[in-house]
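With chain B's structure known, arrange chain G on it following the hints.
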Amino acid sequence: MIYNLTLLLNGITYAGLLFVVASGLTLVFGLMRMVNMAHGSMYILGASVGWLLYKISNHNWVLALLGAGVVMMLVAFLLQLALYNKAYGNPILGIMISIGVSWIFTDLSIELTRGEAKAFSPEGIVGSTFQLGELTYPYSRLIVLVVAIAELILILIILKKTKVGQIIRAGVDDRDMVSSLGINIELIFLGVFAFSGFLVGLAGVLGGTMVSFSTDGAGSMQMLALMVIIVGGRGSIEGAALAALMIGLLDSFTSAYVPNISTIIVFSFVMAVLVLKPQGLFVKEVRKQ
Amino acid sequence: MHESVLTLNNVEAYYDKLHIVQGVNLLLDSGVTSIIGRNGMGKSTLMKAIMGLVSTKGSIKFFGQEIVGLKPYQIAQKGIGYVPQGRRNFPSLTVDEHLTFCASSGFSSEENRWSSDRVYDLFPRLYERKDLYGTSLSGGEQQMLAIGRALVLNPRLLLLDEPSEGLAPTIIDQLVDVFEKIRKENMNILIVEQDLNFCERVTDSTNVMVNGQIAFSGSLRELRNNAELSRKLLGIG
Chain B
1 MIYNLTLLLN GITYAGLLFV VASGLTLVFG LMRMVNMAHG SMYILGASVG WLLYKISNHN
61 WVLALLGAGV VMMLVAFLLQ LALYNKAYGN PILGIMISIG VSWIFTDLSI ELTRGEAKAF
121 SPEGIVGSTF QLGELTYPYS RLIVLVVAIA ELILILIILK KTKVGQIIRA GVDDRDMVSS
181 LGINIELIFL GVFAFSGFLV GLAGVLGGTM VSFSTDGAGS MQMLALMVII VGGRGSIEGA
241 ALAALMIGLL DSFTSAYVPN ISTIIVFSFV MAVLVLKPQG LFVKEVRKQ
Chain G
290 MHESVLTLNN VEAYYDKLHI VQGVNLLLDS GVTSIIGRNG MGKSTLMKAI MGLVSTKGSI
350 KFFGQEIVGL KPYQIAQKGI GYVPQGRRNF PSLTVDEHLT FCASSGFSSE ENRWSSDRVY
410 DLFPRLYERK DLYGTSLSGG EQQMLAIGRA LVLNPRLLLL DEPSEGLAPT IIDQLVDVFE
470 KIRKENMNIL IVEQDLNFCE RVTDSTNVMV NGQIAFSGSL RELRNNAELS RKLLGIG
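In order, the protein sequences belong to chains B and G.
Quick note on numbering: our numbering labels position 226 of the first sequence as 226, and the sequence is numbered without any gaps.
Counting from 1 along the second sequence, just add 289 to a position and that's the residue number in our numbering.
Chain B on its own, in the form it takes in the complex (with noise of 0.2 Å):
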């Protein structure tokens, strides 16, 4: 009972940081027709920025998490500005500019963490553990979960009540008439970009707090936010939180239960999605360009 209670805790909670590093992936693919490719790897830069804020500061936790997310959102405005807008309307120079940029960054992460795997194991209440009843259990994963629903919401909010939300609701069915309706999308973009890049940075340092991380696992935490917004569908927040839970639960429980085939189930359960409903499970429509 309370091993299933674990195992149901530790996949929402897997969930929740699957979401905060995905849902800016699914934002940007939605609005900028872009798979970054470089996404795994600004995770891992994230995390590497953070840990050398962590060091510098005598292990300020909040300040490694902010900083970290600070400083990602202005490698995302500028490398928007600098490389990616070249890949405007061409998905496959995209992919191959973002390749490159994953390996800058994968490189950078070496050096800052001399490559070695690190995990944030701060002092006070983020390191620490809580009672319930007969369960021992870290609130560093609770808080990844509560920025994740606090991000959850605020990017609902953004969305459904403000016009910058209306205009990437639009400009994700449908971006050329967007353009032809006055508005700038590109400005749009390169918002929507830094936000992803503040996002990733946050993911980074929750990651390397709640389990660990090191320059090698840039590769899989781009695979997991590609498995999360292919099964949510492209550009739907909603979408990118259910499929993140979906996601985070069946890895959880079979790792524990069926630990040798657990990675099968989880891709074999995405390759069916990809055959049954190619646009997601959650998205309404989908507009032909």
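Calculated from the structure, these hints are not laboratory results.
Heads up, the beta-carbon is just placed ideally off N, CA and C, and yes, glycines get one too.
Check each hint, because a few of them may be wrong.
What the hints assert, rightly or not - Pairs of lysine-lysine residues, derived as DSBU-like cross-links and limited to a Cα-Cα distance of at most 30 Å, are as follows:
1. K161/B to K350/G
2. K367/G to K161/B
3. K277/B to K160/B
4. K306/G to K350/G
5. K160/B to K360/G
6. K346/G to K367/G
7. K161/B to K470/G
8. K419/G to K470/G
9. K521/G to K306/G
10. K473/G to K419/G
11. K163/B to K360/G
12. K86/B to K350/G
13. K470/G to K160/B
14. K367/G to K86/B
15. K118/B to K55/B
16. K419/G to K160/B
17. K360/G to K350/G
18. K346/G to K86/B
19. K86/B to K360/G
20. K419/G to K86/B
21. K521/G to K473/G
22. K473/G to K350/G
23. K419/G to K163/B
24. K521/G to K163/B
25. K419/G to K350/G
26. K346/G to K360/G
27. K346/G to K419/G
Claimed, not checked - If we take Cβ atoms under 7 Å as the criterion, some of the chain B residues that face chain G in the derived model are:
28. K163
29. D173
30. I183
Okay, now just chain G, sitting in the frame of chain B:
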């Protein structure tokens, strides 16, 4: 000197590397004008060229200002409202959001300014459906929405690509009335159409497009009365 609304000079446009528009010269005066022609003659691509949505060579002047090479949003901001073929409303926006998120005071005088409220006055059916999503409407309602969305930009020129396509005759009658109302407020309109009867009811002059070029400019009546010409250009008569 009298300034024309739109002047196209040797305009060439490409769509997926296909050379669709092949040297179009066109002078558009104020009022309602149409471009007609059979399917695949390059009418829609010409509209896209004016909006900056396809790669274009030559010169397109809008109230004397060159717009070739500008981005679509810059062209729209100069005062062109585009109603594309197939309407292209947004599945993720409600009717009301369509009429507010891109609204601009544009080029209309205060008393003629198009707001969502005025669009609802023009199309009461849209008001009844204001909380529905853009693509859950009927074909006629979607066309009204696409026109409304262009009107709230308060443009100086409306570009409409096959507005009557797929609509029931009663809805087409409504559209004719609407264009009559809009033009009274000095809105310039350029319509691309295949439906000659519709064109005859709303436009002053027409241009026929054949194989990527303008083959005839004049009145639709003149074209109709010349059986040989209309057979040659439109394959009818």
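How the hints compare with the structure:
1. K161/B to K350/G: violated (38 Å)
2. K367/G to K161/B: holds (28 Å)
3. K277/B to K160/B: Holds: K277/B and K160/B sit about 25 Å apart, inside 30 Å.
4. K306/G to K350/G: holds (24 Å)
5. K160/B to K360/G: Given pair K160/B, K360/G holds - Cα atoms ~27 Å apart, limit 30 Å.
6. K346/G to K367/G: holds (19 Å)
7. K161/B to K470/G: violated (34 Å)
8. K419/G to K470/G: Holds. K419/G to K470/G sits at ~22 Å (cutoff 30 Å).
9. K521/G to K306/G: holds (28 Å)
10. K473/G to K419/G: It holds: about 26 Å lies between the C-alpha atoms, which stays within 30 Å.
11. K163/B to K360/G: Holds, because 21 Å separates the two Cα atoms, which is no more than 30 Å.
12. K86/B to K350/G: holds (28 Å)
13. K470/G to K160/B: violated (34 Å)
14. K367/G to K86/B: holds (26 Å)
15. K118/B to K55/B: Since the Cα atoms of K118/B and K55/B sit roughly 12 Å apart, the hinted pair holds (cutoff 30 Å).
16. K419/G to K160/B: holds (15 Å)
17. K360/G to K350/G: holds (14 Å)
18. K346/G to K86/B: Answer holds: K346/G to K86/B is near 21 Å, not above 30 Å.
19. K86/B to K360/G: holds (15 Å)
20. K419/G to K86/B: violated (38 Å)
21. K521/G to K473/G: Given pair K521/G, K473/G is violated - Cα atoms ~35 Å apart, limit 30 Å.
22. K473/G to K350/G: Holds - the C-alpha atoms of K350/G and K473/G are around 24 Å apart, at most 30 Å.
23. K419/G to K163/B: Answer holds: K419/G to K163/B is near 17 Å, not above 30 Å.
24. K521/G to K163/B: violated (50 Å)
25. K419/G to K350/G: Violated: K419/G and K350/G sit about 37 Å apart, past 30 Å.
26. K346/G to K360/G: holds (14 Å)
27. K346/G to K419/G: Given that 30 Å is the threshold and the Cα spacing comes to 41 Å, the pair is violated.
28. K163: holds (6 Å)
29. D173: holds (4 Å)
30. I183: Holds, because the Cβ-Cβ distance from I183/B to chain G comes to roughly 6 Å (cut-off 7 Å).
Going down the numbered hints, you'll see the structure goes against 1, 7, 13, 20, 21, 24, 25, 27, while the others check out.
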